[in-house]
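Here is what each chain is made of, one letter per residue.
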Amino acid sequence: MINKNNTILPLPYSISALNETALLVSFENIIDENINDKVIALAHSMQENNFKGFIETVPAYNSLAIFYDMAIVKKCHASLQTAFEFVKNFTEEQIRTIQPVKKDGTKAINIPVYYNGEDLAAIAAEKQLPVEELIRIHTSMSYRVYMIGFLPGFAYMGKVDERIAVPRLSSPRTNVNAGSVGIAGFQTGIYPLQSPGGWQLIGQTPVKIFDTQKNDPCLLKAGDSVQFISITKEAFEKLNEY
Amino acid sequence: MSIKIIKAGVLATLQDVGRHGYRSIGVGSSGAMDIFAMQTANYLSGNDEQPAVIEINFPAPEILFQQDAVISLTGADLAATVNEKAIPVWTTVFVKKGSVLKFKRCISGAKTYLAVHSGWQAQQWMNSYSTHLKLAAGGHHGRALQKDDVINFAADQIAFAENKILAWHISQNELNKIYTFENSIRCIKATEYDWLDEKSKQHFEQKDFTISNQSDRMGYRLTGNDLLSKRTISLISSAVDAGVVQLLPDGNCIALMADHQTTGGYPRIAAVIKADLPKLAQLSAGKKISFTIVGIKEAEDALISMQEQLAEIRSACRLHLEKYLLH
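Chains as they are written, first to last, in the numbering used here: chain R, 1 to 242; chain X, 1001 to 1327.
Here chain X stands alone, though its shape is the one from the complex (with noise of 0.2 Å):
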């Protein structure tokens, strides 16, 4: 009832919707960078939402399988291949005793997530199983997965006679809604937007970013926007959240991400939509992106449409997996 890492990738964490409810102990939400992908990893696995997802960066793991699995990719397409033939992200793959899942190169994309049905065993803290790796607490020992480790289902699988890719999937049109226009990512200005010159104002938003390669869970460093604040006191303290664009004293800016503290004292110039973050987290290093301002209004029907999408994905998942899951 479990799998085996047999080769380490770089920062393989267990993750799930995230710890909610601590930030006031400095305790941030952690979670899978990708929401979408996370929760429709899960539902293809035929699962809810809850169970914890294994969030996977390239190079990745290679992962012997050492029972029957039902399996799902999402997000980043990382060539995926189960004993050498390619599975494809955004279906359900039923994957043999003994098989190895292995991941050859990066086509599209940042973060892969594999879920299995019934969820990986993962270790709560703080009503989460998101890795915080900080503290070294939830996921799998709080740490990223290494060599040799084990995970268990949580419970035995079906039975079935050979591996298999169904051929129901996710559509390129469902994903559209959420990846598409990758380079422009909305957000609405956020508390200290107007700190910023004139100058700055329309940089921001004519002005390409480039994600920097000091980028990571905790936040994406955006260069090549020099932008200017005109106070020169410094801002006390405050809360944050993911998204939230920092502008830093040499001009640069940092959205934060999932791993984010929970205050900081650097400008808020401006705050990612939620509907935008998935597509965010799936841009990497080295990429440019461009920010359009929005009103809080369009930014809460985004979330809206993207929790609609999700339940209505949920609801095609079931549908399609219940002939092979009822057991």
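The shape of chain R in the complex, shown without the other chains (with noise of 0.2 Å):
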């Protein structure tokens, strides 16, 4: 939401200790657009305007953590009583005079599917859907990458139409491979490497999501959209990474 001024309107959001070295910026308990532009902006604003002693942040669905070196700060603001202090004063500052990201702070990106996951048939029947039709409503949308975590790369991407949102399973696989594309709930996500994990799986990405040989080993970074492409089984052989 970017009002005439071109800054973000403001939402209300508390501050607290994650630990004596991160702040944690927490906006309201729910997942939605605005609040993740909230928190991609300010993780933005936090790299570009950094502190010295300023080490990284972590964008989430609904809150920002800032880490920071703690010493490094209180030798530089000796005359505060905490590091703390001066990170909060600080990241609130940078909350009053958020800009929205800049275009080319974020990329959109097409991801080839081939769409065989272990769930597809289950899911289809449960929602009483043809697999072409869950497979098409899959792929008729792009998806906002709302956060990375739980593994190296996993992107949290979302939402997705109602009428393929499906829940966990009640019992996760021990192993899913590296690639998968799963649902859970409004989410849908890809494995990057091969992990235990509970999410329904639908397809399999040929493309590797997750790179230890590359510079910027990670595909994809909080704020990127994501558009799914379904490919058929030759092409998925033919440009398969792992």
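In case anyone wonders, no lab produced these hints; they're calculated from the structure.
No incorrect hints appear here.
Away from chain R, derived, C-beta distances all over 12 Å, residues of chain X:
{"no.": "1", "residue": "Lys1007"}
{"no.": "2", "residue": "Gln1050"}
{"no.": "3", "residue": "Asn1083"}
{"no.": "4", "residue": "Lys1085"}
{"no.": "5", "residue": "Ala1161"}
{"no.": "6", "residue": "Asn1163"}
{"no.": "7", "residue": "Ala1167"}
{"no.": "8", "residue": "Asp1208"}
{"no.": "9", "residue": "Gln1214"}
{"no.": "10", "residue": "Asp1250"}
{"no.": "11", "residue": "Leu1283"}
{"no.": "12", "residue": "Lys1323"}
Derived EDC-like pairs (lysine to aspartate or glutamate); straight-line CA-CA distance at most 20 Å:
{"no.": "13", "chain 1": "R", "residue 1": "Lys88", "chain 2": "X", "residue 2": "Glu1298"}
{"no.": "14", "chain 1": "X", "residue 1": "Lys1134", "chain 2": "R", "residue 2": "Asp211"}
{"no.": "15", "chain 1": "R", "residue 1": "Lys75", "chain 2": "X", "residue 2": "Glu1298"}
Example chain R residues on the side facing chain X (calculated, C-beta under 8 Å, incomplete):
{"no.": "16", "residue": "Ser16"}
{"no.": "17", "residue": "Glu20"}
{"no.": "18", "residue": "Leu193"}
Just so it is clear, CB atoms sit at the ideal spot from N, CA and C, and this is done for glycine as well.
Put the two chains together into one complex, using the hints given.
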């Protein structure tokens, strides 16, 4: 939500210490695009106008953690009781003057998927949809990357169409293959590496989502948008990077 | 210029001060569980804090020295021997080529750190030598050390006549600053502390927790206190860190450790202060702990004190090792 002054509308938030080396900004406890916009804008703003001792941020659905080298902050602001106090003031100032994320700050990306997931037939049956329609719905829109977490490179994306939204498996699989595409509630995601997991699996991407051999190993970042493209088995085998 | 693992231990891995700056892509810091012992091991070997050390659990590996080496062991006392002669933790040891380092039993603590002068040669990934087991990256091929693995030193060692233990060591007085009151762990209230009901808040501080055997480098599961959340709504996934104590749906807690995930969906009721993480890292399954809540100022001051203490240890080690290690 952008107003006339090209700033983001204020939203209620609270600030707390995650511990003595990280501060947490928490917005309302809901999954919402406007809140996530604010989180990502704040993350970009902290990266650009960072303070001495700043290390990194962790954007999530409705919160942003700011990690810092406490000893450096304390040294630079010796008159303050705590380093936390400085980081809190700094963060509040950033929130007041926050600008929307620049267009080139995020990217839109197409991800090919071979829709052969183990749970595809079961979901289609449960939702009383032909499998082709389920695939059509999953590929009919682009998804926002709300956050990265759980595993290196695991992107929480949403929101998926209600007609194909299914809960997590009651008993998670002990082994999900890298590249598996799944649905959990209104979220969709890709397993970057082999892992236990409870998301219902609809397909497999041939694209490496996290590659330790690359300088920038992680394909997706919070704020990016993803469009899934349905591909054939032959195309999958040709493109497979795993 | 190397050692050879002649018998594998349980999850002996190369670790350093951690991998910082990649949490936003889901890569946590990893690194040594006990950062105080890890850094001190390096200082006692005449290094700065940067090189990788070997983090050792019991049962520990048996190690053959294929070259003379200046080493140190810190942290847990696992009754180490070189050629069957006991060597202490928290000092510098000169080990001749052909000697065998063994660990006989666990006397105290949980993690021992083995450092070598000039550092172990390890693979760097994302600016850190720490082993990332899930990604199979960093350290030694991203995995625990196995039988027949050969780990090189970064540089040749000075020549010396025979195996020797230096008399100078880190004093008990120094160690007491970090490891005393073993069962009492200080923490601050974390973001969802107030989700606990009043009785659970009292129990959190007054009743002991037991470290369960479902504990590893990712986290220590803490049982024995059935804590209750007065909130019925669930938390939306959000950032966590080493030391963060999460409340699980079954009323137990988990204290996240070095290999924790970057985000989590359980309420964060407390955060172990960084200065007490070494102490917690040295407690193993079955041990009881109690939490004491402190303010953010005390948490900050305690971490500054630990960092200052490490800087003093570094200077003292330089002074004492100068005559041996100046080439």
